Amino acid sequence: MESLKKAWIYLENGTFLEASSFGANKTEVGEIVFNTSMTGYQEIMSDPSYAGQFVTFTMPEIGNVGVNDEDMESLAAHAKGMIVRRYQKRYSNFRAEDSLTNFLKKYDVMGICDIDTRYLTKMLRSEGAMMMIASTEISDKEELKKILENSPRIEDINYIEKVSTKEAYKHTSSTYNYRAFEYDKAPSPEAKIVVIDFGVKRNILNELVNAKIDVEVVPNDFIAEDLIEKYNNKLIDGVFLSNGPGDPLVLKREQEQIKKLIDAKVPMFGICLGHQLLSISHGYDTFKLKFGHHGGNHPVKNEKTGLVEITAQNHNYNVPDNITEIAEVTHVNLFDNTIEGLKYKDEPIFSVQHHPEASPGPKESAYIFSEFLSLIKR
Amino acid sequence: MPKRTDIKTILLIGSGPIVIGQACEFDYSGTQAVKTLKELGYRVVLINSNPATIMTDPEFADRTYIEPIKEDIIEKIIKDENVDAILPTMGGQTALNVAMSMYEKGMLEGVEFLGADPQAIKKGEDRHLFNEAMIKIGMDLPKSKNAYSVEEAIEVAKEIGFPVISRASFTLAGGGSGVAYNMEEFEKLAAEGISASPINEIEIMESMLGWKEYEMEVIRDKADNCIIVCSIENFDPMGVHTGDSITVAPALTLTDKEYQRMRDASFAILREIGVDTGGSNVQFSIDPKTGRMIVIEMNPRVSRSSALASKATGYPIAKVATLLAVGFTLDEITNDITGTPAAFEPVIDYIVTKVPRFTFEKFPEAVSTLSTSMKSVGEVMAIGRTFKESVQKALCSLETGLCGFDEIDADDEFVRHEIRRPNADRILYVAEGFRRSMSIKEMFDTCQIDPWFLYQLQELMEKEKTITDKILFDADLMREVKVDGFSDKRIAQLIKKNSGESVSEELVYEARKKLGISLEYNEVDTCAAEFEALTPYLYSTTNITKLPKTAPRQSDKKKVLILGGGPNRIGQGIEFDYCCVHAAFALKEMGIETIMYNCNPETVSTDYDTSDVLYFEPIDFEHVREVIEAENPDGIIVHFGGQTPLKLADGLTKIGAKISGTPSAVIDLAEDREQFSDFVNRHRLKQPANGLARTKEESYVIAEKLGYPVLVRPSFVLGGRGMRIVYSEAELKEYMDLAISVSNEAPVLIDKFLDQAIELDVDCISDGEDVYIGSVMQHIEEAGIHSGDSACSLPPVNLSQEMIEKVELQTKTIALGLGVRGLMNVQYAIYEGEIYLIEVNPRASRTVPFVSKATGMPLAKVATRVMMGENLRDSLAYYDKYDIVEETNGLLRPRLKGHVSVKEAVFPFHKLYGADLVLSPEMKSTGEVMGISKNFGVSFAKSQLSAGNKIPTGGTCFLSFVDSDKQHAAEIAAGLVKHGFKLVATKGTQEAIVAAGIECERVLKISEGRPNIEDSMKNDEIAMAINTSDNNTSKKDAVVIRQEVLKRSIPYFTTLSAARALILALDEMKDDKWSKATALQDFLV
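Chains G and C, in that order, are what the protein sequence lines are. Counting in my numbering, the first sequence runs from 1 upward without gaps. Counting in my numbering, the second sequence runs from 1 upward without gaps.
Just to be clear, a hint being listed does not mean it is correct.
What the hints assert, rightly or not - In silico lysine-lysine, DSS-like type, Cα no more than 30 Å apart, as pairs:
# : chain 1 : residue 1 : chain 2 : residue 2
1 : C       : K188      : C       : K222
2 : C       : K105      : C       : K950
3 : C       : K3        : G       : K304
4 : G       : K89       : C       : K470
5 : C       : K546      : C       : K470
6 : C       : K559      : C       : K514
7 : G       : K89       : C       : K546
8 : C       : K546      : G       : K145
9 : C       : K105      : G       : K122
Read the hints as simulated data drawn from the structure, not as lab findings. The structure displayed is predicted, hence computed values, not measured ones.
Generate the whole structure from the sequences, applying the supplied hints.
See below:
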């Protein structure tokens, strides 16, 4: 076995650790979070919502199943890096096409391994998400510290501009067929929407298509008036606000545009960042959770059915409790009782904080996409 | 919704004796169920024939029936106790089967099924209904079709594609079935199968040999909330029973898409089958080439795998399933470990490896190739941060002498053969193959184990090469190697191998400590550290990162470490876990903090609820020592977990650890032959005459001097292994030549064998001043049969009071003379009116739970108080709930309340194809049952019924006695004839019986022509067999007869004394009054 290159990480709380590198060789600054999913590292690394972040995987063996073309959640890997306890270069899975190392190198993303991820997780649990720097080039703690202190924080960077599509496009593929091991063809649509891309995951688009919705994806710099006009002319039936990276409070332009859509009574559905932006645009600012929700095992109670859904989660920000003044809570997180889903009173708008598109994660919340069709179908 | 209030009394059915396929995991689930139901305020009635369980402790259930788990008995209990509902999903297949059979016969009218309703159970268990249900929900099943002629079969085989499995319908023991890889092979197999099948039918099935195998542990509540508690991946590919496979959690070679597919399928299956309040296990197989996923089976109940999943994640499946069964939904239940809701899916940040434990060494004739019927008797689980660390810890836990991937001394051809053949040690051969530079491809082609696992083993073998004496001074290398889970002992071996320098484990340990590398402890917390763990359930790891030292766990209370017994195996099973659990309970009652230490996932001891702190670790010197360093306990109990912890006592004492109770010097004295002989002489006790032979010639001289028969055994093994009774010099020569290699280092012990002696077992407790005789038990089988395999009676059946008192006084002399503080077990033989001392064990014995149940005095708890320094009288008084302690002649003993308890052993012969059904000084039983009633005959009859040896009340009985027993043939025959049996016997026996004027037909031995006894048995003409045997007469005939008896489940008795007990039982079985069930509580009060 060839030995791995060394790497060093420094956290803003002063923690300095030596580790190994299995990804791109470079120096990067980002926010460190942890994710407890036991499967789906490729989906997580290709999820644009992780832009600007280092993801610590609590699953200790990573790389086992390699990577493949099908399991991409976007066209690239957007996170700053992944931090794992042990990286396994040789993989084994019938769908595997390449190693995780080659994947990370291809997208210029760092891979840090041979580090005690449980120690990091416990630290994040008690101290909260924080900024960090990782390097394969600089081993000096003071130097790393200096670079970190002089780098912008995650809240100060607009990652959405980096991950959103530059051109509008049609999305045509449907959900994954687990028997044929390929994506299904789209069923014939019964409604038509525009998806605002803040860093949308591919499986959200697949699920929308699967719910018989025709999907056009547009960049984050959309103009509300255009969409309102299209809606009024029945060229579209609604708007979907996607997930995406970073702090929603800094997205002033997007908030303004969304406010206009709300006022025009355009039916809307938002997931994650989209859910947060709807709240802010209604005048209810989000707050930052201590260490966020990242994983595939959070219980969410559906207040309508009384059933518990095990959900995929990935967010550091949350809508405030007093939003109940204008919206009905449809979903609640049973771990910490935070709001997971809202239906705005007297408005054709609803949204969820968790990820019903899963990928990775449990799929039992996927019914929500059909509910969107019911809302917009005219 | 809260708990149901419309039911009051719930009957819980246990799983009976420990057998292959059903071990103490059902005591774990049953105990959780009883505790949970009691806490909710239900009246709990329990039936279980196994006295060695925690759940049958009289203080657990309201009413405890230690009775045969049989339909008529359960029916009576239901009536007597006004049972509203039964919970049949906690007692394995035994409980499920009996409940379903009763349901189908209409015996359960008005009694509700909790956990899973009969329709669901039926759908899950009936192959045909299950397949139909799976097709309905679009699940993939193995392709299969029936055929009735060879021509038809050929067409089917072509359609399915090779390899195929051909299975003959309605044949016993899998006759006419097998795998075919080509048409020629198949034609032969199909023809055989069609003729073997009484209806000329074969099922031809797609073979999934070599496919990957997975299990999902699923919970569903009545509101339809579903969760996966744990996914498990088998290291061994399809073809090996999952109980015999090495398994890991979580699944490691699935992408999220494949994992979610399996998760969704699991839920769909539970919904379709209709399991709506509880836990189930679903098994899948995946074609490694195409990813095609097939449903293998589901179990609508808690299982061995769910116990493993509970221990692997910290999520208590049985407890949650019980709560769901009585009306709760998942969101109403709290996860004890984190305080968050139980309605979530556990995530783990470590790798769990389970390795099964086999005991083929006890059954040298049994076929040791693993296949689809289970053969292992126990298992260990190990936790590590990586698979490498986890699997090496598991090997250290096995108690087979391994300290990791020990080298194998065999030629390449044999190594390859054993890599191909599924067998108990295959993983070691795979490692050995890599050590000898086999490539991944070669290895995969040979064994079909997933390459991912092969990579890990290959890398470990590469790492082995880097371990030289340099490691003792190289902190980086030492850490790297420890991170991969290499034990200190293994490192010492590898230094010797690679550098030629002999170093001790101790030296490696010291070097490691100097380099600043210690094991550290992580919590098993259900959530991968997302939330804080409230219950300290810990495992060790060597951290990859050198981190600042965390503060040790703080506690102001006095704390005691209890070392458990490790994996279940023959000779060391649930009895010892029972004792450890009792120690924890007793310590808790004393306000002492309890630290449990064990590596067996099936047990109650490893329930996080049992003790204050739980360490899930290999029971070897290195790992125990590290925990002692981390915890610094005020006491260590090594006497309750059997030999495993006991043999660590010496080493632990040397490093200054505080052993509670009987000190290790006393343990040593009892085990050292010479010291012990001195002790015996000093106290004017008697031992059978004996000698020690260092050469073959010496052995003949000694045996001649002692006089035949003699008992011979190698001096270096415990538990009766290799022990044999030898009747002549010729036999001794054979033994010395074949069975054993004798040398200076490994001498052979030769004892005068006390033929036809009565053997006794005595358990006692001493505090150094007083002695409490827990009980004197008389073995039903005569001396020469391992005490664990012998049935026994408490009180003795035919021993004078005077003799019993003599035995008790001797026991007191020994306990005080040795300086025992705590439990001691002594075995005696009464031979020609004299008492001989056979063995003394200053520790908890296998009979402690039986004695505790039979007398009402919890011996292990009393002993625990004594070991903590309390005096015996006070300790007894504390637990004398049933007012039984009495004192005469300065001896404390239980006042027996007129009931007779019989313990019977249960054997695995029918599970181990080829094994010979014969009892010897080597222990072979896996478990035990208890019969309790007002007289010996009934108790014996019940014990036989519970052990699966159902005594018939009429029909033809076959008799065949060895020469030395023939003088008693008439006595037994008369007893049988009195009860209406017809007799047939082989020549000598028949002559002896007829000579006494009793009618008896002669039947031919197999060697004498036909029709012979084998034909009679095959024609179902024999209802019962009494066939006494020794090792040297009519061997071949006896083996065939015993195999036939096993195959046809014909009740059999192999000793004269058992035959006598049988007659006493028949005396009581005249009418059906004998099968009346009585609760243990009623006997004790």
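Open item on the list: So, against the hints stated earlier in the document, which numbers end up violated here?
Closed with: 1 and 9
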